[in-house]
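Put chain B on the given structure of chain A with help from the hints.
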Amino acid sequence: MITSRTRPRRATRIALAASVAALSVLLAACSSGGGSSSGSSSSASGGSYTLGLAEPTSTIDPETTGDYNAMYVVGLASEGLISQNSKGVLQPRLASSWKAASDGLSWTVTLRKNVKFSNGKALGAKDVVATFDSIAGKDSQSPGASSFQGILKSVAPGSTADTVVFSLDRPFSDFPYLLTGSNTTILPASYKAGTNWIKDPVGAGQFILEKYTPGQSVTYKKNPDYWDAKHVKLSAVTINFYADAQAQLLAFQSGEIDQVAYSPTVASTLKVADYRQTTPAYNKFDGIFLNVKQAPLDDVAVRQAIALAIDRKAIVKSVYAGQATVADDYLYFPNYAVQPDGVPQREQDLAKVKQLLGGKKVRFTITTLTDEKTLAEVVQQQLNAVPGFDVSIKILTSAQYYADGASTPWLNAPVTITNWAQRLPSQYVNLLYKTGAAWNASKYSNPALEKLSNQYDEAKTTAEKQTLADRIATIENTDTAVIVPAFATGSYVLQKTVKGTFSGPQDFPGGFDFRGISNSK
Amino acid sequence: MTATIPGSAAPAVDSLQADASEAAPGGSRFRSLLRRPSFIVSVLIVVWWVVAAIGWHLVGLQPYAKTGELLASPTWAHPFGTDNLGRDMFARVVAGAGPALLIGPFGALLATIIGGALGLVAGYYRGVVDTLMMRFFDVLLALPSLIFLVVLVGAFGIGPGALILIVGILFAPGIARIIRAATLVEMGKSYVTAAKLQGERDVRILFRELLPNVLPNLVIQATLSLAAAVFITASLSFLGLGSQPPSADWGLAINENRVYLQTAWWTVVFPAVGVASLVVAANLIADNIREVSR
Numbered sequence: 001m002i003t004s005r006t007r008p009r010r011a012t013r014i015a016l017a018a019s020v021a022a023l024s025v026l027l028a029a030c031s032s033g034g035g036s037s038s039g040s041s042s043s044a045s046g047g048s049y050t051l052g053l054a055e056p057t058s059t060i061d062p063e064t065t066g067d068y069n070a071m072y073v074v075g076l077a078s079e080g081l082i083s084q085n086s087k088g089v090l091q092p093r094l095a096s097s098w099k100a101a102s103d104g105l106s107w108t109v110t111l112r113k114n115v116k117f118s119n120g121k122a123l124g125a126k127d128v129v130a131t132f133d134s135i136a137g138k139d140s141q142s143p144g145a146s147s148f149q150g151i152l153k154s155v156a157p158g159s160t161a162d163t164v165v166f167s168l169d170r171p172f173s174d175f176p177y178l179l180t181g182s183n184t185t186i187l188p189a190s191y192k193a194g195t196n197w198i199k200d201p202v203g204a205g206q207f208i209l210e211k212y213t214p215g216q217s218v219t220y221k222k223n224p225d226y227w228d229a230k231h232v233k234l235s236a237v238t239i240n241f242y243a244d245a246q247a248q249l250l251a252f253q254s255g256e257i258d259q260v261a262y263s264p265t266v267a268s269t270l271k272v273a274d275y276r277q278t279t280p281a282y283n284k285f286d287g288i289f290l291n292v293k294q295a296p297l298d299d300v301a302v303r304q305a306i307a308l309a310i311d312r313k314a315i316v317k318s319v320y321a322g323q324a325t326v327a328d329d330y331l332y333f334p335n336y337a338v339q340p341d342g343v344p345q346r347e348q349d350l351a352k353v354k355q356l357l358g359g360k361k362v363r364f365t366i367t368t369l370t371d372e373k374t375l376a377e378v379v380q381q382q383l384n385a386v387p388g389f390d391v392s393i394k395i396l397t398s399a400q401y402y403a404d405g406a407s408t409p410w411l412n413a414p415v416t417i418t419n420w421a422q423r424l425p426s427q428y429v430n431l432l433y434k435t436g437a438a439w440n441a442s443k444y445s446n447p448a449l450e451k452l453s454n455q456y457d458e459a460k461t462t463a464e465k466q467t468l469a470d471r472i473a474t475i476e477n478t479d480t481a482v483i484v485p486a487f488a489t490g491s492y493v494l495q496k497t498v499k500g501t502f503s504g505p506q507d508f509p510g511g512f513d514f515r516g517i518s519n520s521k
Numbered sequence: 001m002t003a004t005i006p007g008s009a010a011p012a013v014d015s016l017q018a019d020a021s022e023a024a025p026g027g028s029r030f031r032s033l034l035r036r037p038s039f040i041v042s043v044l045i046v047v048w049w050v051v052a053a054i055g056w057h058l059v060g061l062q063p064y065a066k067t068g069e070l071l072a073s074p075t076w077a078h079p080f081g082t083d084n085l086g087r088d089m090f091a092r093v094v095a096g097a098g099p100a101l102l103i104g105p106f107g108a109l110l111a112t113i114i115g116g117a118l119g120l121v122a123g124y125y126r127g128v129v130d131t132l133m134m135r136f137f138d139v140l141l142a143l144p145s146l147i148f149l150v151v152l153v154g155a156f157g158i159g160p161g162a163l164i165l166i167v168g169i170l171f172a173p174g175i176a177r178i179i180r181a182a183t184l185v186e187m188g189k190s191y192v193t194a195a196k197l198q199g200e201r202d203v204r205i206l207f208r209e210l211l212p213n214v215l216p217n218l219v220i221q222a223t224l225s226l227a228a229a230v231f232i233t234a235s236l237s238f239l240g241l242g243s244q245p246p247s248a249d250w251g252l253a254i255n256e257n258r259v260y261l262q263t264a265w266w267t268v269v270f271p272a273v274g275v276a277s278l279v280v281a282a283n284l285i286a287d288n289i290r291e292v293s294r
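Residue numbers (this note's numbering), protein chains in the order written: chain A, 1 to 521; chain B, 1 to 294.
Only chain A is shown next, with the shape it has when bound in the complex (with noise of 0.2 Å):
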């Protein structure tokens, strides 16, 4: 009820409301202003760059860290000597240039005169020899080690003082793009592997690591002395942590942070016409592992059943929300320069699934971890929906998974899906298909496929390459240890306040290249 005294004390709260509602858009207006011309000088200075990543779980080591987030936090401080682009054409970047010898058994590597690390001293070919010594050596503890194994014998300073000589235990004409591999940034010589870097994280990349507040954010500055200073046009780049995916998006949404990964929920969430997207670049692939020795995996025809028995263009849609290509069951990226030919694309085909099965009944688990759950799902629904197939799902934690030890599930599961990130196709033979190879979940076996795999390394023509291609891409695929449905693409949904275009991916093969990038938020 209103009565006499109640009604100016609400005319007076009224007029006051009014008062402060004036007073603060007048605020907002000159705050506005004052952003605005701040916003135009960060502007000149290319603005500063936030984004989400989850927080990496162990020491940030850059020589044995296998967590993407961790090689991102290192990354951009870092550089290594070479990257690729998201054609995957090769990049120089602290090398200038590189040269096999004319018996391939080495490769020169030119370095960029007058580098200097974050700290201010010169980096130099002692500093590359370390790192190189360290990642490949034979204590290492890099996942970048397997990259070098039974290929690289030895790194020294070449004949001049910025070369490095990378000599070889047998041609291997692909040699630079394992320069582009996991693990390759280039640290000081008196950097020790197993250190917390974080505590001193000296690096040559486009910027210095101001701040890690744990649980939190790193805050990075632009890096002066960067050799391509000029070109890095953000002023600060700021990572924060998030819990999940969720979180980003919302954050993403809310403008705090100026890019989210493309993901099915993304894509689903954002009408994505709204914002920029970067170029999607191939990643990786989703491999579906059968253990090649026991039944009734051991039967190629049931393998091949399997393979024919997946819808591979439903998968790219469900599981990767169209950023992928169907793939054939052979390693071979579509955007390598060799690509097979003569292997016929396998369609689901269930009329051939049954003549495959002869009327068997084949049950098995796949086992995998959380983050190719959706994968299993869609994988296990549509093997269950052709008569012949009981397939059931083992999600674990990727602590289980990856679990240490002779029984890890990873590596011994009858059927196992994991991730690989993109490799050379001989890499793949030698990790995946290799004889007694460590991470050979397949347990597959054939000599003839590692002759032709060596013998492809050491081609130099592209003629020669494209024969051998065709004969590993077909044992591949008929012999189907390993079922390929996909190669994935992966991009980032930007603001649109976020100008100008990423070279590469953002991982390690792209070397996390923000140059050309400003943002004017």
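Bear in mind the hints are in silico, worked out from the structure with no lab data behind them.
Glycine is no exception: its CB is placed at the ideal position from the N, C-alpha and C atoms.
Keep in mind that the hints are not guaranteed to be accurate.
[What the hints assert, rightly or not] DMTMM-like, lysine to aspartate or glutamate: derived pairs with alpha carbons at most 20 Å apart:
{"id": "1", "chain 1": "A", "residue 1": "Lys116", "chain 2": "A", "residue 2": "Glu256"}
{"id": "2", "chain 1": "A", "residue 1": "Lys317", "chain 2": "B", "residue 2": "Asp138"}
{"id": "3", "chain 1": "A", "residue 1": "Lys313", "chain 2": "B", "residue 2": "Glu69"}
{"id": "4", "chain 1": "A", "residue 1": "Lys361", "chain 2": "A", "residue 2": "Asp349"}
{"id": "5", "chain 1": "A", "residue 1": "Lys499", "chain 2": "A", "residue 2": "Glu256"}
{"id": "6", "chain 1": "A", "residue 1": "Lys222", "chain 2": "A", "residue 2": "Asp200"}
{"id": "7", "chain 1": "A", "residue 1": "Lys271", "chain 2": "B", "residue 2": "Glu69"}
{"id": "8", "chain 1": "B", "residue 1": "Lys66", "chain 2": "A", "residue 2": "Asp390"}
{"id": "9", "chain 1": "A", "residue 1": "Lys521", "chain 2": "A", "residue 2": "Asp274"}
{"id": "10", "chain 1": "A", "residue 1": "Lys460", "chain 2": "A", "residue 2": "Asp133"}
{"id": "11", "chain 1": "A", "residue 1": "Lys460", "chain 2": "A", "residue 2": "Asp341"}
{"id": "12", "chain 1": "B", "residue 1": "Lys66", "chain 2": "A", "residue 2": "Asp349"}
{"id": "13", "chain 1": "A", "residue 1": "Lys460", "chain 2": "A", "residue 2": "Asp103"}
{"id": "14", "chain 1": "A", "residue 1": "Lys192", "chain 2": "A", "residue 2": "Asp274"}
{"id": "15", "chain 1": "B", "residue 1": "Lys66", "chain 2": "A", "residue 2": "Glu464"}
{"id": "16", "chain 1": "A", "residue 1": "Lys153", "chain 2": "A", "residue 2": "Asp169"}
{"id": "17", "chain 1": "A", "residue 1": "Lys451", "chain 2": "A", "residue 2": "Asp470"}
{"id": "18", "chain 1": "A", "residue 1": "Lys153", "chain 2": "A", "residue 2": "Asp174"}
[What the hints assert, rightly or not] Calculated from the model, a selection of chain A residues having no Cβ within reach of chain B, i.e. all distances over 10 Å:
{"id": "19", "residue": "Ser58"}
{"id": "20", "residue": "Ser118"}
{"id": "21", "residue": "Leu152"}
{"id": "22", "residue": "Ser159"}
{"id": "23", "residue": "Arg170"}
{"id": "24", "residue": "Val202"}
{"id": "25", "residue": "Asp341"}
{"id": "26", "residue": "Gln381"}
{"id": "27", "residue": "Asp390"}
{"id": "28", "residue": "Lys394"}
{"id": "29", "residue": "Arg515"}
{"id": "30", "residue": "Gly516"}
This is chain B only, laid out in the frame that chain A set:
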């Protein structure tokens, strides 16, 4: 997400005493219940979910197969829409009653048996046995229920048998405390004294004389435990510690689909309604039984 363990919130012993002493005869209580709409509706809801849990296989529902477009909104063909894998949400919500009613009722039953027996023994013998038991239960009840649950899951695993055992262990102390209080009330009555003077054995006095008289309390606690157990098992699945994919478990469905809440609300809302309807119905049944027992 938290759940209250039945009995953990210190029951009103005095009211229980009054309840037990002034209870109406069994037939009269049942007729009173049938005159209560909230009881009838709640029972129908529980019966619906029980029938759904047992009978979804028989009516051709396909909770695991792709039967529609991805994340399709509700239509006549898919009244609850579809999820991110094109699975019919109606079929999954109906089939989701299975996991909910596998763990909850059996866990609640186990808790009722253990808690009821221990409460009777503690109240009947009192002394050292009573003190030791009650202090031990006090310690268990002082632990945050979900954290205690996660520890138990770590120890026993996430198989259905283990989860039933865990729910039983979790809820038994609360039930035991209430049954002990009710037993203490009964111990002061003449029929117990008469039974002792007649030389009846302790087991007979416990289960033939005392148990029927504390039974209404036990039924109420069992029903409340059922509701809490359904909620707890859904919470475990939400946390990834219960049912595993591709199970249609409601808690798991809520967790898996929460990322689609902005664009496909139906993938979260309908499983949530499943949990809520069962939990609220069980609680209402317990409330009605308690009220007619006065």
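Practice task
Go through the numbered hints given earlier and state which of them the structure violates, listing their numbers in rising order.
Solution key: Those not satisfied are hints 1, 2, 10, 14, 15, 26, 28.
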